[in-house]
Every structure is written in C-alpha cells, then in structure tokens.
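Chains as they are written, first to last, in numbering that gives the first Met the number 0: chain Y, 0 to 283; chain F, 0 to 283; chain C, 0 to 283; chain X, 0 to 283; chain D, 0 to 283; chain E, 0 to 283.
Don't take every hint at face value.
Identical chains blur together in the list; that is why a pair holds if it fits in one copy or across any two.
Derived lysine-lysine pairs resembling DSSO-like cross-links, with alpha carbons at most 30 Å apart [stated by the list, open to error]:
| # | residue 1 | residue 2 |
| --- | --- | --- |
| 1 | Lys-266 | Lys-206 |
| 2 | Lys-279 | Lys-206 |
| 3 | Lys-31 | Lys-266 |
| 4 | Lys-31 | Lys-275 |
| 5 | Lys-116 | Lys-31 |
Because the hints were derived from the structure by calculation, they are not lab data.
Single-letter residue listing:
6 protein chains.
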Amino acid sequence: MADPQDSYEYKYFNVTFPSEHVAHVEINRPEKLNAFVEVMWQNLSKIFTRLSTNPTIRAILLTGAGPRAFTSGLDVVAASQGGTFDHNDNSQDVARRAVALRRHAIEFQACITAVEKCEKPVIALLHGLAYGLAIDIALAADIRLCTNTTQMSVREVDIGIAADIGTLSRLPHAVGSLSWAKEVCLTGRVFGADEALRVGLVSGVGKDKGEAVEMGLQMAEVIAAKSPVAVVGTKEILNYSKDRTVEEGLRYTAVWNSAMLQTEDIKSAMLSGLQKTTPKFSKL
Amino acid sequence: MADPQDSYEYKYFNVTFPSEHVAHVEINRPEKLNAFVEVMWQNLSKIFTRLSTNPTIRAILLTGAGPRAFTSGLDVVAASQGGTFDHNDNSQDVARRAVALRRHAIEFQACITAVEKCEKPVIALLHGLAYGLAIDIALAADIRLCTNTTQMSVREVDIGIAADIGTLSRLPHAVGSLSWAKEVCLTGRVFGADEALRVGLVSGVGKDKGEAVEMGLQMAEVIAAKSPVAVVGTKEILNYSKDRTVEEGLRYTAVWNSAMLQTEDIKSAMLSGLQKTTPKFSKL
Amino acid sequence: MADPQDSYEYKYFNVTFPSEHVAHVEINRPEKLNAFVEVMWQNLSKIFTRLSTNPTIRAILLTGAGPRAFTSGLDVVAASQGGTFDHNDNSQDVARRAVALRRHAIEFQACITAVEKCEKPVIALLHGLAYGLAIDIALAADIRLCTNTTQMSVREVDIGIAADIGTLSRLPHAVGSLSWAKEVCLTGRVFGADEALRVGLVSGVGKDKGEAVEMGLQMAEVIAAKSPVAVVGTKEILNYSKDRTVEEGLRYTAVWNSAMLQTEDIKSAMLSGLQKTTPKFSKL
Amino acid sequence: MADPQDSYEYKYFNVTFPSEHVAHVEINRPEKLNAFVEVMWQNLSKIFTRLSTNPTIRAILLTGAGPRAFTSGLDVVAASQGGTFDHNDNSQDVARRAVALRRHAIEFQACITAVEKCEKPVIALLHGLAYGLAIDIALAADIRLCTNTTQMSVREVDIGIAADIGTLSRLPHAVGSLSWAKEVCLTGRVFGADEALRVGLVSGVGKDKGEAVEMGLQMAEVIAAKSPVAVVGTKEILNYSKDRTVEEGLRYTAVWNSAMLQTEDIKSAMLSGLQKTTPKFSKL
Amino acid sequence: MADPQDSYEYKYFNVTFPSEHVAHVEINRPEKLNAFVEVMWQNLSKIFTRLSTNPTIRAILLTGAGPRAFTSGLDVVAASQGGTFDHNDNSQDVARRAVALRRHAIEFQACITAVEKCEKPVIALLHGLAYGLAIDIALAADIRLCTNTTQMSVREVDIGIAADIGTLSRLPHAVGSLSWAKEVCLTGRVFGADEALRVGLVSGVGKDKGEAVEMGLQMAEVIAAKSPVAVVGTKEILNYSKDRTVEEGLRYTAVWNSAMLQTEDIKSAMLSGLQKTTPKFSKL
Amino acid sequence: MADPQDSYEYKYFNVTFPSEHVAHVEINRPEKLNAFVEVMWQNLSKIFTRLSTNPTIRAILLTGAGPRAFTSGLDVVAASQGGTFDHNDNSQDVARRAVALRRHAIEFQACITAVEKCEKPVIALLHGLAYGLAIDIALAADIRLCTNTTQMSVREVDIGIAADIGTLSRLPHAVGSLSWAKEVCLTGRVFGADEALRVGLVSGVGKDKGEAVEMGLQMAEVIAAKSPVAVVGTKEILNYSKDRTVEEGLRYTAVWNSAMLQTEDIKSAMLSGLQKTTPKFSKL
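Work out the full structure: start from the sequences and follow the hints.
Shown next as structure tokens:
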C-alpha cells in the first residue's frame with residue numbers, strides 16, 4: 000500500500016509533486032511531439048492507477064513536455080511498424096484477426112480509462128498540438144484547459160479509422176453541441192481555444208502555456224485544500240450520474256453518502272468555516 | 000381534489016397568483032438569506048405537489064424574498080444543531096448510522112424532486128446569493144433565469160460533503176460543458192451570470208431582480224396561455240427523454256400522445272391560430 | 000442492390016449529385032413554404048433509406064427549395080382535412096382511436112428516424128422559416144447549419160400538442176442548455192442564429208442561404224474525401240454512444256472496430272498522408 | 000421516529016407481532032373475500048411504510064383473514080360505483096380524463112410498491128382465492144408461499160384492462176418461463192400450487208393454510224434472527240440487481256457495503272458462529 | 000387499411016382463419032422440412048406485419064405443415080449457394096464485407112422481430128424438428144407449445160456461427176435457467192419436451208401434433224374472446240417490462256392505460272361478467 | 000502471447016489439460032475444505048485471465064480437490080485475522096474505512112468476474128460443500144453442475160454481511176424463481192441438487208463426484224470440438240444480452256457477427272457436416 004513518491008520513474012513521463020497533495024504528470028517525449036508508443040499508454044495507466052490510491056495525493060495536473068505539443072497522438076510510424084495495426088496479417092482468418100483487434104482495443108481503452116477511474120480529480124492542459132489520442136486522454140480527465148494557441152483535432156478519421164479509444168464515446172457527453180461534436184469527428188478539422196470554450200470542451204483558457212500551467216496548478220491546489228472525502232465523492236458521483244437517469248444518480252448518491260457523511264472532515268470543514276482557519280484533513 | 004388558492008399558507012413561503020393560471024412561490028426567510036431549515040424543504044415539497052395537480056395553475060415562478068438571496072443554502076448552523084447531521088452520534092453502530100443517513104437523504108431528495116415532478120413548468124429565478132441548495136432546487140426546475148449580479152456556487156464541497164440532494168446528478172444533464180460542471184463542483188468557486196449563460200445553466204439574464212422577475216412572470220404567462228395538455232406533455236416527455244436513448248423517448252412519446260392527441264385543445268388552438276383569436280382551454 | 004442515381008425522382012424532392020460522392024436533397028414545395036403533406040415524409044424516408052446504402056454516396060446535404068423556408072412544418076390545413084388528425088372521430092372508442100394514433104405516430108417517427116439511421120452523414124441547412132417539423136428533421140441529421148436570418152421555432156405547443164416526431168426526444172441530447180431547450184419547447188417562441196449557435200443547436204452560420212449552401216457542400220465534400228469505412232463508423236458510434244454510458248460505448252466500439260480496422264482504407268489513408276496525395280477509397 | 004406497536008390499528012388490516020422482531024399483517028375483510036376498496040391500498044401502503052423503518056421489526060408475514068381468500072382482488076362493484084373507473088365521465092375531454100387516470104394509476108402503483116420498498120423482507124402467503132390485485136401485491140413481496148388449494152389468476156384481462164398495478168412489470172422478472180407468464184396474463188386462467196411452484200412463482204407450498212402460516216412464520220423468525228444490517232442489505236441489493244446489468248449490481252454493492260461492513264453485527268455473528276451461541280443484534 | 004383475408008396468399012405459407020378472430024399461419028414447405036429460404040422470412044415478416052393491424056384478428060397460431068418439422072431451420076444448401084453467406088467474397092475489403100453482413104443481419108433480424116412486434120399474441124407450436132431458426136422464431140412468439148416428440152436444438156454453433164437472429168438475445172429472458180440456456184447454445188445438443196417444460200421454454204405439451212394444434216387453437220380462441228384492447232396492452236406491457244426495471248415498467252404502464260382505461264370494453268366485460276353473458280368487443 | 004501450459008503452477012490450484020483444447024482447474028486446498036485465502040482469489044483471476052486468451056484452450060472445467068467440498072467459502076478465520084475485514088480499525092475515520100472497503104470489494108469482485116470475462120466457456124462442478132464464495136464463483140461460470148449430495152448455501156447473511164462478490168447481482172439473472180433466490184439469500188439455508196435443478200441453478204446432476212466430473216469433461220469436450228469463433232461469440236453475446244433489452248442484444252449481435260461470419264470455420268463446419276467428418280479449426 001505504501002506508494003513512495005520517489006518511485007514514480009518512467010522513461011516517457013515526469014511525475015513531480017509541485018505542492019502538497021498535488022501531482023504533476025508530464026508526458027515526456029517532446030522531441031517526437033509527445034507522440035505515444037505502446038509502452039507509454041501502459042505507463043499512463045500505471046501512473047494514474049497508483050496516484051488514484053496514493054494517500055497523499057488529492058489533485059493531478061496532466062501536461063505535455065516542451066512548448067510544441069500536449070501530444071500529437073499515436074506515433075503512427077511506430078504503430079504501423081509493429082504494434083497496433085500489425086494484426087492486419089492477411090494470412091490469418093478474418094475472425095481471428097478480429098478477436099485479436101478487439102482484445103487489443105479493450106486493453107488500450109482500459110489504459111485511457113485509468114485516468115477516468117483515478118479517484119482523484121485530473122486537470123488536463125492541452126497546449127500546442129493536441130491531436131487524436133490527445134483528445135481521447137483529455138476527455139478521460141475531469142477538467143480541460145487550453146491556451147490561446149492550442150490546435151486541437153479529432154484526427155482519427157484521417158487515417159481511416161473511427162476513433163476507438165474513447166473520443167466517440169465521451170465527446171457527446173462532454174460538450175454542449177452534438178452538431179459540433181459530429182462535425183469535428185467527421186471532418187477531422189483543427190479547431191482552437193475560442194471554439195473549444197464556446198462548446199464547453201474546455202472550461203478555461205490561458206494566454207500561453209506558462210499561464211495555463213499556472214492556472215492548472217492553482218486549480219489543483221484549490222481542490223487539494225478541500226476535504227478529500229468530499230472531492231473523491233464529488234468526482235465519483237458526477238461520473239456515475241452524467242450518463243444515467245436522475246433517479247439512478249440520486250439513488251447511488253444516497254448510498255454513497257451513507258458512509259461518507261460520517262467523516263470527521265465535515266466537522267473540521269464547518270469549524271474552519273466559522274473560525275476562518277484552514278482545515279486539515281487526513282490522508283485518503 | 001379541490002385546492003383552494005387561499006389555503007397556500009406556509010410560514011416560510013409566500014404563494015401568490017399574480018395572473019390567471021400563474022403561481023408565484025417565494026422563499027420567505029429573507030432575514031436569514033432564505034437559508035433552509037428542515038421544515039422548509041418539507042413545505043417546498045408540499046407546495047409543488049399541490050400546485051402540480053391544481054387545475055387552475057399552468058406555470059410557476061420560484062423566487063426568493065428580499066433583495067439579497069434566492070437562498071444561501073442549507074442553514075448550516077441549524078443543521079449542525081439538530082437536524083441533518085446529528086446522525087453522527089458516535090455511540091451508534093456505523094451501519095445503523097448509515098441506514099439513518101440514507102433514509103434521511105432519500106427523504107430530502109424526494110422533497111427537491113417534487114419540483115421536477117410537478118406537472119406544470121417551473122421557472123426558477125436565481126438572484127443575489129444562490130449557494131448550495133439553491134442550485135439543487137434550481138436544477139429541479141425547468142427553466143433557470145438569473146440577474147447580472149447573481150452569485151452562484153455549488154458549495155457543498157466546502158463543508159466536506161459531496162452534494163447529495165441533486166446537483167451532482169442533474170448538473171451534467173443541464174449544461175453543455177462537463178469540464179465546467181466538474182470544475183465548479185470540485186472547487187466550490189462562485190460564478191456569475193455571464194458564465195452561467197455561456198454554459199447554459201441559465202437561459203436568460205435580467206438586469207436586476209426587478210427586471211428578472213418581470214421576465215419570469217412574462218414567460219410564465221406565455222406558457223400559461225398555451226394548451227395545458229400540450230404543456231404538461233412537453234415537460235413530461237422532455238424530462239423522460241433527456242437521460243434516455245432516443246428510441247426509448249420516441250416509444251414513450253407515441254404512447255403518451257395516443258391519449259393526448261384526442262384533446263379538444265388541438266381544435267381550439269388551430270382555430271384560434273387561423274382566426275387570430277386567443278384560445279380558451281379547460282382546466283387540467 | 001443497384002441504385003441508379005437518375006431514378007431519385009419524387010414530386011416534392013429534388014435529389015442531385017453536385018460532386019463526386021455527395022448527394023443534395025432539396026425539399027421542393029416552395030410555393031407552400033415547403034410545408035409537409037403525408038406523402039412527403041414517406042418520400043423523405045425512402046430517399047434517405049436508399050442513400051444510406053447507395054455505394055457511391057458518402058455525405059448528404061439537406062436543404063429547402065426557394066428563398067423563404069427550409070420548411071414551415073406540417074401542412075396543418077392538409078393535416079386537419081384528412082391525414083394526421085382525423086382519427087379524432089368521436090364515434091369511435093377512445094382506446095381504439097388511441098391505438099390508431101399510436102400506430103400513426105410510430106410510422107411517422109420511423110420516417111424521420113430514417114435520416115438518423117442513414118449510414119452516411121447528413122448536414123441539414125436551416126434557412127428562412129424552420130418551424131416544427133423542420134426542427135424534428137434537423138435533429139435527426141448529424142450536423143446543423145443556419146443563416147443569419149433563419150427563424151426557428153419548436154412550434155407544436157402552439158397547436159396544442161407535445162411534439163411527437165422527435166424534437167422532445169432529441170433536443171435535450173443535442174444542445175448544451177436544458178433550460179433553453181425547455182424554454183423554447185414550452186413557449187414555442189422564435190429564435191435566431193445567434194442563440195442557436197450559442198446553445199450549440201447549429202455549429203455553423205452562413206451570411207445568407209447562398210453562402211450557407213456553399214459551406215454545407217464544402218463540408219460534405221471534406222467528409223466525402225475521407226475513408227467511407229471511417230466515416231460510417233464514426234457516425235454510428237457517436238449515435239450509439241451519445242445516450243449510453245461510456246462503458247457501453249467503449250464496448251460497442253471495440254466490437255465495431257474488430258472488423259473495420261481490417262480495412263484497406265487505413266493503409267491507403269496513411270500512405271496518402273505520408274505522400275501528400277489524395278487517397279482513393281472503394282465504394283461502400 | 001418512535002413507532003409504538005399498539006398503534007397499528009386499521010379497519011381492514013390486523014397487524015400483530017407473533018414473535019420478537021416479526022410482524023404479521025393480515026388483510027381483514029373476510030366477508031368480502033378480502034376484496035380491496037380504495038382505503039385499503041392506502042392503508043397497506045401506510046402499514047408497510049411504517050414497518051419499513053420500525054426498529055424492532057425484521058421480517059413480515061402477509062396473509063388474508065379467513066379461510067377463503069388471500070384476496071379476490073379489487074372490489075369491482077365498489078370500484079365501478081365511485082373510485083377507480085369513474086374518470087370515465089364522457090363529458091370531459093379525453094386528454095383530461097387520461098391525465099386523471101394516469102395520476103390515479105401512479106398513486107395506486109406507489110401504494111403497492113410500498114411493499115417492495117419496505118426495507119424489511121416480506122413473505123406473502125397466498126391461500127384460497129388469490130386473484131388480480133392479489134398477484135400484484137404478492138409480486139411486490141419478496142418471498143411467496145401458497146397452499147395446495149390456492150387458486151391464483153392474473154384476472155385483469157377479464158375485465159378489459161391490462162393489469163397496471165405491477166403484475167405485468169414484475170411477473171416476467173419473478174418467474175422462469177416467459178411463455179407461461181404471457182399465457183396466464185393473456186388468458187386470465189386459474190392455476191394452482193403445482194404450476195406456481197414449477198415456474199417459480201412460489202418457493203414453498205403448505206398442505207393447508209394452517210401449515211403454510213406456520214411455514215411463513217418460521218421463515219420470518221429465521222430471517223429475524225439474522226443481522227438486520229445483512230438482511231436489509233440483501234433485500235436492497237437483490238432488488239437493485241435483478242433488473243440491471245451485473246456490472247451495475249456489483250458497483251452498487253461495493254458502495255453499499257463500504258458502510259455496512261463496518262457494522263458490529265459481523266463480529267457478533269462470527270463470534271456466535273464459533274461459540275455456537277445465538278447472536279444479539281441492535282435495532283435497525 | 001382494408002386487409003381482406005382472402006389475400007393472404009404466399010407460396011410457402013398457408014394463412015387460414017379457423018375461427019372468428021383467430022388466424023392460423025402455417026409454414027408450408029414440408030417436403031424440405033419447412034426449411035427457410037430467403038423469400039420465406041421476408042414473407043413471414045409481411046404476414047405478421049399485416050395481421051398485427053388486421054382489425055378482425057385477435058390471436059394467431061403458428062405451426063409448420065406436415066408431420067415432420069416445425070422447421071429444420073435455415074436451408075443451408077440454398078444459403079451457401081447464394082443468399083446469406085455469399086458476402087464472403089474474398090476479393091472484397093474485410094470492412095466492406097462486414098458492412099454488407101451487418102446490413103443483412105439487421106434486415107434478417109427485423110423479419111423475425113415482426114413476430115414480436117405483431118400487436119396480437121402469437122402462439123408457436125413446435126413439433127417434429129425444431130432446429131436453429133425454429134428457436135429464433137419461437138422466441139419472438141409470445142407462448143410456446145410443443146409435443147412429446149418435438150426435437151429442439153439451438154444448432155447454429157454447429158455450423159460455426161453465433162446465432163444472430165435472436166436466440167442469443169431472447170433465450171436468457173425466456174427461460175428460468177441461465178446454465179441450461181448456455182449449455183444448449185454452446186453444445187447445440189437436441190432436447191425434448193420434458194426439458195423444455197422444466198426450464199420454461201414451453202408452457203404446454205401436447206401428446207402429438209394433433210392434440211397440440213387443438214391446444215393451441217383453443218388457447219387462441221380463449222384469448223380472442225377477451226377485450227382486444229386489454230390483450231394488446233397486456234402483450235405490449237409484458238414485452239416492454241420484461242427487460243427493463245420495474246420502475247420503468249410501471250411508468251410506461253401508467254401512460255399506456257391513461258388512454259386504454261377509457262375503452263368501452265371495460266363496461267362490456269364487467270357487465271358480461273355480472274350477467275354471465277359473452278361480451279362483444281369492437282374491432283381493433 | 001505464448002502461454003506454455005506447463006507454467007500454470009499455483010500453490011492452491013491444479014491446472015491440467017485432460018484432453019485437447021480442454022483445461023481442468025481444480026481448487027486445491029482440500030485439507031481446509033478448499034476455503035479461500037486472499038492469494039487464492041488473486042490466483043483464480045490470473046488463471047482464468049490467462050486461459051481466456053490461451054489459443055489452445057476452448058473449454059474449461061472448474062472443480063474442487065478432494066471428496067468433501069467444492070469450496071466451503073471464504074476462510075473466515077484467516078479473513079478475520081488479517082485480510083478482508085481488518086479495515087474495521089476503529090481509530091480511523093468512518094469515511095476513510097469506507098473508501099478502503101470499497102477499494103477492496105472492487106478488487107475482489109474483479110477477481111471473480113475474471114471467470115465471467117474469460118472468453119472460453121467455464122463449467123463449474125459443485126460437489127460436497129459449496130458455500131458462500133462457492134456460489135459467487137459458480138455464478139460467474141457459464142454452466143453449473145452438481146451431484147446428488149452437494150450441499151449449497153448462500154451463507155453470507157449468517158456472518159452479518161450482504162454477499163458482495165457477485166451472488167446478489169448474478170443469482171436473480173441465473174435462476175427462474177425470484178422468490179426462491181430471495182429465500183435462500185435471506186435465510187442462508189442449505190439446499191441440495193433437486194432444488195437446484197428445479198429452479199435452474201444447475202442444469203445437470205451427477206450421481207457422485209466421479210460421474211459429475213465425467214459429465215463435465217464430456218460437455219467440455221463437446222464444446223471444444225466446435226468452432227472456437229462460434230463458441231466465443233455465443234458466450235459473449237449471451238452474457239451481453241442476458242441483462243439488456245432485446246433491441247440492444249440484436250444490435251450488438253449484428254456488429255459482432257459482421258467480422259465473425261467471415262471466418263473460415265463456417266466453411267469447415269458446413270463441409271464436415273455434409274461429409275460426416277470432424278472439422279478442424281484454427282487456434283483462437
């Protein structure tokens with residue numbers, strides 16, 4: 000259960016702890032525009048699975064290293080040489096290739112879903128290029144920010160595939176215009192901050208990467224200062240409720256809070272509110 | 000079944016009938032910023048349950064008394080002294096406290112849901128402070144308005160709890176930015192009219208409370224002038240469909256209208272349309 | 000299976016093929032503001048059902064003929080004289096009329112749903128008047144555009160009915176403000192391009208009909224230039240996912256792509272991407 | 000919160016407490032074969048709502064008074080004279096009568112559903128005649144017993160209605176033959192103990208009413224001797240899971256037990272198991 | 000709307016009307032064990048779609064002609080020569096063949112689902128051989144009967160396919176043993192009347208075909224003598240409810256009956272019940 | 000991907016390969032009645048996850064070692080000393096213990112669900128004692144067998160907990176009597192083969208363990224002789240469909256088979272059928 004912070008070492012990711020209770024995960028392959036090779040999404044999954052139950056962590060910022068890209072998406076050259084698409088071996092039965100492709104998709108999806116399943120909130124900062132897999136990952140995060148110059152694109156249609164790692168399943172739940180969601184998925188066109196803010200894909204825009212990182216860290220710190228019991232419950236119930244009926248959401252909430260309202264955090268928070276002090280909360 | 004209008008007398012609510020077929024429900028505890036004590040949400044439920052089947056009522060405006068707040072939310076002081084949180088008695092078994100808390104949450108949720116279940120449309124006007132429970136209630140209404148100076152906040156996270164009376168279950172269905180919804184729920188920060196309009200939480204903004212009340216009453220009158228059969232059906236089908244598949248929505252609609260299209264109101268409405276007269280509709 | 004293009008001849012619809020792989024369907028009853036009589040929605044269904052599996056077609060633009068209206072909706076005069084509402088025959092048992100009305104609604108709904116079920120993406124351009132049925136049809140399309148002067152209205156409430164052909168089931172999933180959706184459905188008021196863009200009902204606005212048609216055709220051409228396997232999959236998965244949980248969406252996607260990732264289109268698309276050439280894709 | 004047992008006095012119901020933690024609810028209108036008039040289902044609802052949170056009660060047996068019937072169903076004569084069907088007033092608009100009928104059905108359904116929502120398990124003993132409403136009520140109970148001579152029938156089809164108080168919604172989930180369920184609902188034919196046991200409608204059959212009451216009471220006592228925390232959770236999770244996916248069921252269970260596994264009852268139960276003593280559990 | 004009975008003429012089906020309000024549909028290709036070729040399932044769909052709204056029909060019996068088989072399933076020889084499986088053309092792209100196969104499956108499924116969607120109840124009598132498609136069709140019917148010598152088998156696994164026309168989707172909802180359902184689907188083994196009755200696949204068994212036809216016709220006559228409003232509603236609500244939650248079922252039922260309880264049939268049925276006469280009901 | 004069979008070595012499990020394509024997994028802690036300690040359910044998960052994609056395996060038999068028990072369930076002594084219930088540490092905040100218990104339950108559930116997710120069919124043979132966890136595991140298998148002397152019990156209620164590893168979520172979907180399912184879950188009473196067969200919990204009963212193992216192995220061999228593409232698809236679609244609507248099941252099936260019907264296995268199977276030879280199928 001112990002999860003020492005110094006052990007978060009991965010070739011393509013920097014994991015740092017800029018302030019108490021806050022983790023900063025940085026995709027770190029800037030010379031390739033942070034494009035993903037297979038080991039990277041496996042590592043992404045491992046990192047967020049560990050942070051999820053890391054008792055000192057309460058909020059996470061996810062960015063890309065370097066000035067040029069959050070990530071340009073899947074490293075297509077690498078993928079075509081070996082990993083993702085090499086099931087296209089024509090000597091094999093179509094059904095057997097299908098089974099292999101499905102197993103692969105489920106495994107890949109699970110890696111991205113690890114961000115959504117992470118108990119602690121995740122803020123994704125899209126800067127520079129944010130193509131394809133960038134959108135898949137960002138949609139599995141809770142809060143999305145970008146900069147004035149971010150270039151975003153749901154680009155999978157341009158390489159002949161229907162995006163299968165989450166964008167098509169999550170985008171219609173994340174933004175307020177189904178027409179727009181379909182347009183960008185079907186045309187693969189690039190869009191920017193104004194449009195992303197208008198349709199609600201992002202909820203904040205920084206002037207440049209520096210300012211946006213600052214915004215993201217401050218937001219993470221605000222969240223990290225709250226009761227972690229309340230924060231974890233809020234994320235879980237929002238995720239549960241967003242694609243179920245209101246009745247189902249209410250029923251789940253009532254059960255969830257049957258335990259959670261017994262927390263000491265409520266007393267601490269209320270008292271601090273009255274006394275204008277900063278409450279201290281135990282690890283979670 | 001008779002529901003005489005003069006009997007809508009409740010200590011903390013004013014219920015008036017400013018024009019034909021329109022009810023105005025006012026939360027009336029202005030000296031405490033309209034903060035809710037337990038009896039109030041029970042009364043809220045009773046009022047909307049009665050208006051729901053009151054045959055003379057066709058649209059309802061919900062506001063807070065006084066200039067300062069729609070409602071500042073739960074009266075935390077009162078709650079901590081007796082009602083909501085006193086199940087936290089440590090002498091009791093954790094599971095038994097959990098059962099008690101769940102019973103309480105279900106009861107409380109049902110009171111707020113009475114606004115959603117009210118057959119007649121409800122317009123909520125958020126003005127001044129609209130914190131915590133204010134958002135829970137407003138999300139159970141159909142249409143939300145605010146003023147240029149309304150201060151809104153999903154504040155529960157600040158007292159150590161995941162909001163359990165409806166905000167977390169309804170907000171993701173009500174607005175067009177999941178990123179924004181999560182941000183305000185996780186940070187508890189205050190936001191204003193511009194932001195609320197941009198994400199779609201409100202669909203109209205008045206200059207001040209006076210103008211906004213006027214907007215709300217006019218909208219209520221417009222709705223009250225329509226066929227109540229059509230209005231009640233429209234609310235019911237929208238509520239049913241918003242969190243179900245399109246197929247389910249269509250199937251329910253076809254059954255609903257199998258009775259409702261036999262109404263005399265269609266003839267009256269069409270005829271009035273052609274003759275440019277105002278149609279009269281029977282009570283519902 | 001052969002579906003010769005010259006045979007798309009219908010009294011009230013023009014079907015043309017302005018560029019390779021693109022169909023343009025025009026509602027053609029301009030002297031009556033393109034109002035719908037019964038045969039028209041049957042034809043609409045037939046046209047989109049045929050285009051759906053027409054192997055040369057990859058994207059479709061839907062407009063109304065003439066400068067004045069996309070469509071003003073159901074031809075109420077015609078409907079009251081014979082078709083839709085004549086089940087209101089009082090000599091018949093209420094339950095039997097209900098059965099007849101339900102049969103009729105299901106049939107009518109299925110016609111509109113043919114646009115949604117069309118495998119190829121549909122862009123609806125709302126111009127001039129777009130009332131009632133116009134919104135039902137546009138919501139069954141994938142992408143919606145309008146012009147600066149389009150006048151839109153969910154008008155059914157004004158003739159005493161809850162819209163039953165799809166608007167109430169699809170609108171809450173299509174836009175980002177439930178408050179706004181309820182307001183326009185309950186009041187029947189007219190709204191314009193600014194509002195439609197803000198809430199996300201449309202994702203693009205042209206200066207006038209000419210410019211908007213141009214926008215629509217260009218967008219159709221962009222889509223038609225992509226792999227049809229990717230485009231058809233993208234539409235299907237978005238439609239599937241938009242009103243289901245993320246888990247369900249991911250599961251369906253993984254199965255869908257188990258066949259579709261075996262397409263030759265991926266190789267063609269990737270190669271063209273590297274060689275900066277235009278890929279050619281087989282019929283679908 | 001106090002719920003003194005001596006106050007369960009209702010004209011048409013006997014509520015007794017034959018052994019510790021066990022309540023026996025008896026429908027008591029034997030001279031009319033326990034046929035239901037309107038006040039009775041309102042009382043039924045009230046009784047089970049009270050028993051649900053009555054801290055001394057842990058299991059409930061539901062029977063009919065007298066030797067002849069559990070209940071012969073709705074008192075059709077009374078119903079035709081005033082209550083249920085008098086909305087059929089032809090002077091009123093069809094849609095308005097429809098609204099009234101729907102309000103009535105929802106209210107009536109809620110009364111029966113109170114048995115299902117009762118937190119404590121309910122054992123229904125069907126004896127003698129068990130027609131129509133008898134099946135609706137029994138299906139809302141948890142466990143069903145009958146005697147060798149019980150005559151059961153889903154009889155609503157014989158009076159021209161599709162059963163709307165729960166049988167059609169619950170029967171397909173309760174028994175193991177959809178073919179049989181449809182047959183008895185569509186033909187209204189009488190069936191007996193053998194058939195009911197074979198398809199799983201009942202899980203036990205007594206020789207006669209006396210023996211079956213004994214069986215029911217013993218079963219209630221067995222359940223009442225278990226941890227009430229475990230029993231209430233078992234009922235709730237079974238009801239939740241039976242008509243949802245396994246994934247949903249597991250997710251809900253994990254949350255439910257996050258509080259409930261903290262109960263003292265587990266220690267008491269385990270210790271008693273090892274020591275072969277009878278555990279004592281606190282009230283719930 | 001007129002649907003003259005003498006026009007039900009199809010090469011491979013006999014449609015007769017053995018008694019008032021009852022139709023008897025007989026699969027008529029006995030020399031080939033009633034094996035299905037493509038035109039047959041299209042005709043099956045057409046027949047049941049017509050009977051569904053044929054106002055004189057209230058119940059339907061479905062059998063196979065000749066003594067040897069209800070149907071031995073798909074005519075595999077014919078299918079392999081042209082229809083169903085010839086999409087397996089290796090010159091075509093895998094994805095395009097997949098699209099063609101999916102279009103075909105959806106069309107084929109819709110034909111079988113026409114039996115389920117038929118508003119009037121369908122009794123399927125499985126006799127002799129009832130293999131593969133026989134089970135798909137029977138599961139789309141409402142009530143299943145068989146004879147002492149019927150040989151049944153979910154045989155698709157033996158020709159290398161997962162049954163895709165409905166058995167795998169309907170069987171788990173139709174019988175009371177998931178273990179048994181999986182066993183017969185995974186092994187393809189033949190089972191007989193005893194087993195089918197025990198697990199609930201059939202609800203009645205005749206000594207031989209003659210007796211079973213007699214049973215089926217009598218059952219159809221019993222149903223045809225009830226109020227068609229009640230019968231149609233009972234089928235619809237059972238089908239709706241069987242795979243949805245109880246809450247959803249109850250909600251749908253309340254709306255359904257808001258129209259249907261206004262039928263004259265209730266009065267007729269009640270009066271006939273009191274007067275011991277046979278009620279007459281209008282067409283539906 | 001290579002998964003050499005000789006490496007399936009686990010302290011408490013024997014994994015053998017009694018015939019081609021068949022694996023036999025034996026719970027191997029007979030001196031403790033095969034009671035489970037924590038490492039065992041982790042191993043169970045690992046074994047079935049590996050067998051799932053082991054290309055030579057097509058069917059799996061699961062039994063317990065020794066004559067006395069399939070498994071007597073959780074090793075309660077071990078659990079109370081350290082693993083499962085030690086979150087009951089009273090020094091910790093209730094909410095934090097709840098989070099820990101929920102994390103634990105989800106992890107534990109996932110281990111059992113690995114049996115359900117195993118792509119290849121699993122036959123569970125319940126013999127001797129089959130208590131608590133035995134039922135959880137057996138319900139995650141596809142087919143259940145038992146012997147004349149098997150003693151089964153859903154025993155969790157006796158130790159004060161609502162069974163949370165799957166029984167309460169899966170049992171109501173697996174058997175044909177909700178009354179019986181609730182009875183055995185609420186009373187914890189022991190039941191035997193006759194009852195299990197009657198309600199459909201098992202679909203076959205052997206005279207003794209020896210005969211039942213023989214039955215299980217023969218059934219596994221029958222399944223292993225079929226096309227693995229068909230078998231894997233049949234399991235997946237049955238699992239998908241059993242707790243969803245028929246419409247959803249059909250839609251998923253059509254997509255699934257769009258790839259799978261392109262398999263060579265169909266040709267092999269059909270040819271073998273005609274030639275009365277045994278087909279050979281490639282690995283999966």
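How the hints compare with the structure:
Taking CA atoms no more than 30 Å apart as the test, Lys-266 paired with Lys-206 passes in neither setting, with 39 Å inside one copy and 39 Å between copies. In this assembly of identical chains, Lys-279 and Lys-206 lie within 30 Å of each other by CA distance neither inside one copy nor across copies; the values are 33 Å within and 41 Å between. Only between protomers do Lys-31 and Lys-266 lie at most 30 Å apart by alpha-carbon distance; the minimum there is 22 Å, versus 50 Å within a single protomer. Proximity of Lys-31 to Lys-275 under the C-alpha cut-off of 30 Å is restricted to the inter-copy arrangement: shortest distance 20 Å between copies versus 48 Å within a copy.
In this assembly of identical chains, the alpha carbons of Lys-116 and Lys-31 lie at most 30 Å apart only when taken from the same copy (28 Å versus 37 Å across copies).
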